[in-house]
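Chains as they are written, first to last, in the numbering used here: chain A, 1 to 134; chain B, 1001 to 1614.
These are calculated hints, taken from the structure and not from any lab test. It is possible that part of the hints are untrue.
As the list claims (entries may be wrong) - Derived DSS-like pairs: lysine-lysine, alpha-carbon spacing no greater than 25 Å straight-line: (1) K1528(B) - K40(A); (2) K101(A) - K1558(B); (3) K22(A) - K1528(B); (4) K1558(B) - K80(A); (5) K1522(B) - K40(A); (6) K1205(B) - K1230(B); (7) K101(A) - K1392(B); (8) K110(A) - K1558(B); (9) K1449(B) - K120(A).
So the chains spell out like this:
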Amino acid sequence: MKKISDITIIDDDAITVFGLRKLISSSIECKSVESYGNGKIALDAMIHIFNNDQRIPQIIFLDINMPIMDGWEFLDAFIKIPIKDKIRINIVTSSIDPFDKKQWEYYKSKSHHLITFNQKPIDRNKITEITQVA
Amino acid sequence: MLKSKNSSSFSLDWINQIPSSIVIIDTDFKLISASPIWLTNFQLDLNTIKGNYFIDLFPQLSQELKARLKYSLDGLRDIKFKYNAKDCHYSSKDSIWHFNPWKDGYGNIIGVIIKVEPITKTQELEIELNKTKYILNEKSSIAKIGSWDYNIKNETLNWSPVVHKIFGVAADYKPTLEKAFNFYLEGNCRKTIKRSVNEAIESGKPWNEKLQLQQANGTIIWVNSIGRPKYSNGKCTRVIGTLQNITDTIAQPTVKPVTQPNKYPLFEKVPFGLAIINFATGNILDVNDEFTKLTAYDKEHFLGLNFRTFINAHIKNKSVELKNQLKENGSFKSVKFVYTNQKRHNINIKMTGTLIEGLSGSKNILCTFENITSQIKLERNLKNTIASAREKNEQLLNFAHMVSHNLKTHATNFSLLLNFLNDETGKIQRSKYMNMLFSASDNLSETIKGLREIVAVKSSINEEKKSLSLNESLFVVEQNVAGLLKETNGKIINEIPETTTVKALPAYLNSILTNCITNSIKYRSEDKKPIIILSIEEEKNYTVLSVEDNGLGIDLEKYGDQVFGLYKTFHRNKESRGIGLYITKNQMEAMNGKITVESMPNQGATFKFYFNKK
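Extracted from the complex, chain B is given alone in its bound form (with noise of 0.2 Å):
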């Protein structure tokens, strides 16, 4: 019969009818009973070994042994070890053996079970390898390991040397629970060691954490704390632990990226950047690889990177605005804002961010950083599309009054001039009128000559420019022009080299020449003889012509939006610039030029010809 201190009596007869290999064992580690396979398994007479130490009976193994149980009356569940055949003289089989508290109806632990099962090559091959991680743990840092003792009843602290030295106090120093609880960084750290500590004493669950201390001489370091409670008589007692510096190994920061992808399991997988930013100190804890490939910088230059500077130097002062939604909303609106990366490419990143959850409990911010560049660009097409096409709308508006309103006037000119006629009966007075209609018939002829130019215009961009030397083509205008130079004594001076060639259409480029040149004569100035000086500029992506005059020049602050404009009166009379220069400016657009004025009231006027060199 059986007793155990926290419990009453009880059979232990189900061990003989279980089929697997297990042997139990109790709180002072002797072997209470085992199943039969078990006994089998290690050839060994449960009448002659019980109420033996458990350990005697495996000497060669007596240290791993007593560590594992150890751990398992601490409350540790499925401890492995690997049980060599060789190493012991009872059974011929590697197996595997599982230690796990054994609880009495109460939860109390009252000893350890022990399953012995049959080993598989992968199983194998796991332990070799946690064993091999464990051994090469130890040694790397074993010179940093401290361990500490927290006994609950007296409320004492005791740390080994070690921890003196991580917490940076001298050797004698007397800690208290609350003392070392200081030293852990306000915020997080401190919370998560409080409510570790405190779930430990009440719940029994262990720790293993990395949290940043500040030592006694201002220096922030990174450790891993571990804990666990140990229990005396079913009742936690004592808090032991251990405490490593493993600044070096945060430095390069591989201890988060390795935690926090368990708790994101998607972090690595979505097609966009991400960040996992602390929301109370706003350093960036961790990105994924997308958002080192959108930044084309390495993971560690953003980890510890604080992400208010980050925001702050590409949009002015948002950092708080952020900060506030996510007080208010756990989330912020997107915010766009161009990101000049490592390669110095500009790229348009458009970003959200969420308040989640983070590892023990703190608040982090989830932000997203998507790439949106090609998105600009094509919303900049879409609206520069929108802009031409309002732009062409609004020519087609102007195009159909001043085409309303120039016939119209015709019509009633018509109709006037024909009532008259009716109502005259004598012969002088209805000649007159006749010549009024001829007249009048002329005029309609001329407007309709200058609509069709101008729908002409619009209807022949997609001719063949070719590439025309621009003294021939000028050679050929001044001939035109050669009447009307003569007759007000006019002058050309040519200043355009002998090489110079454009890309243009012969009839348009004959147009613009033609129209500038008589511009420039008809609005002479009274009291001067018309000079036009003719001159190029060689500019990256055009071949400028000016053409300058002495002329009477545009008053440009009164008229400069109607310059090129379509001026209604342009049938009418034949001093009117109207018509010319809007058709000018069209054909000079439709070859993917353009033109530009320069002029003051009788200062002259400097037209501009921009001619595509593609």
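Bound conformation, chain A alone (with noise of 0.2 Å):
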């Protein structure tokens, strides 16, 4: 298994971030884990590394239901940033609305990222298997 060395976690809720950070420092091992509360201060960030050619963490946790700036807007506007590496980015929501199940296939059509989508909530085995490198 290849050596993960940055993941980031973009979701508004404190306890998800702190659920998520602790079953990922629990499980598997990673040099650091980023949190941003909305897609906007994310993009910001994602857009200041890739500008300033610094690497793009592999893996990203999304949620999708966020203030400013939501989950569908941020991928919207990722996939457009020119990045060479494939990031694997997993949708991590609660939502049963068939709407996001449908932007997923779209973006996920769209993108030569890895996209993947995950109902909360999220366990141990889980986690494992959807934090590796794509």
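Two independent chains are provided; combine them into the complex using the hints.
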């Protein structure tokens, strides 16, 4: 298994972020885990990283329903950044709206990144499965 | 013994046995025989009058009798004549004489049979009436009637001077049958006259038609053409007739309406508008009363009007399509259009049309016109109801998604934290989890409170609205947000007149104002002090409250459809717009009002609240 260097969590719910961090740290070896409270802050950070030729996190956990900029808007902007590496983006949501499933299928087909759709809750087995380099 | 020119001798003995009053006259108007009852009636002896000129027996009536005998010999059946006893010396009783042609075994007319019947009062009246009518007709039209005579053998046509005048040709004009036909308008009129003449020659059928012809100078007139065949030796040798210019009577179009209802007996009895249109010319021939009621115009307005013009005025270029449908299927599919009638009322009309055989075999269109205005209204109401039901359904689905999503998030958080708590032994770490559990529990309560508010709006629609002073309500709200205003150095500029009232539910008005003002403060520009301007516009049905701020504004192009929608994050972030505007919108709508927003990013927002005056 390839070692993961950077993981990013984009979610506005503090408890979810805490839970994910805890799950990750207890099951996966990883240098750093960053978290952002909404899509806009995260996107600004990603663009900054890209423009400074730094490394884009290999794995992104992305919530959908967030204020200011939601998960879909983030994804829409993110896949337009010309990143050569294949990034793994795990969408994590408790939504059962069929619209969200459609959105996922749309973005999956549009991008070279690996995009997965995951229903909450995420358990230990699941986190190991979806935290592998794409 | 009697002899007829066309038949071998035959017995007239039967006449002695018949119980009615009958007299038989030959083609030369000579009395051949009479029944005993007839002889008794008129107190005559057969032997003394046999072979005498019948007319000579009734010298006072000779003119009238002669004319009727002639017509009868021409083949006209059941000509009635009223005999007045006081005019003659033979009989003491008034009677009705029925003239009928007498035919031999081959159908040749060899004389006239006159049957004499006692008169009844009604018959008398009827005859008087007909007579009066006849006289009136004669008087009014006598100047314009011309006669003509066509000799079949020589193919010569003679016109009286009046006929020349009617055709608009000089007195020395030499007519032929073909020339005469060509004066008649091409199409039905010409077809009718040709057919009538042919039928008269071939099957002895007389005609009486109202037709249009074009005079030599181009003027189109209506004429009444009457013709009947004349027989000689059982063969039709001549056709004679009259021609009358009836344009004046047609111009006040009484002629068609009189003739049409006979053809279509239900014409005036159906509960919808009917119109008969000449298929070839497109002229409207007749409309029924229901049609005039519908349009509020007189019948005269439509007669002679071109139907194509009528149709194209209401449905652009539709007439060609309808004509093609009629040609192909003999009818056209129902067409709906809006018609503005004489009284300036717009009515929705459903029209259908069928090709029918008109008078004298011409092709006509029978159109029905149904007023479907109330139907359309009902249909529209139904559509609105369906649309609003659909909207409600969608809202319910959104609501279900939202509820499920929100509750699931909390459940997930609870289970996550409880698992961590279970695995953890360290006291400090455990108390940290406990705190997080409390905050998760608070979030859940907040969510449920929000859901309850939505349900409350939906269920309190039937409460009574009150007239409320807007400034008083605003004052209460200002007290509530005073802390927030002070903290942000915000300012409310109130331009609402003291007297302004709105009809609203007090709790809703408070909630709406609070929501709006706190939103304006929450979404303030970082580099500006929040300023909120409240003002009033009066509209016809609404009192409109404008709330303008100088805050962040909203990118309506991006979020336009979501501003007042249920945003799924409302429970999580205190700074999110979320549920507030959704509830505000529902509250305004519950009070038969509405809410709109105008905004540009970084240029503030103006919310307008439309309070219904009713």
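Hint check results:
no. : hint                : verdict
1   : K1528(B) - K40(A)   : holds, 22 Å
2   : K101(A) - K1558(B)  : holds, 21 Å
3   : K22(A) - K1528(B)   : violated, 41 Å
4   : K1558(B) - K80(A)   : holds, 18 Å
5   : K1522(B) - K40(A)   : holds, 18 Å
6   : K1205(B) - K1230(B) : holds, 11 Å
7   : K101(A) - K1392(B)  : holds, 23 Å
8   : K110(A) - K1558(B)  : holds, 21 Å
9   : K1449(B) - K120(A)  : holds, 23 Å
When held up to the earlier numbered hints, the structure conflicts with hint 3 and nothing else.
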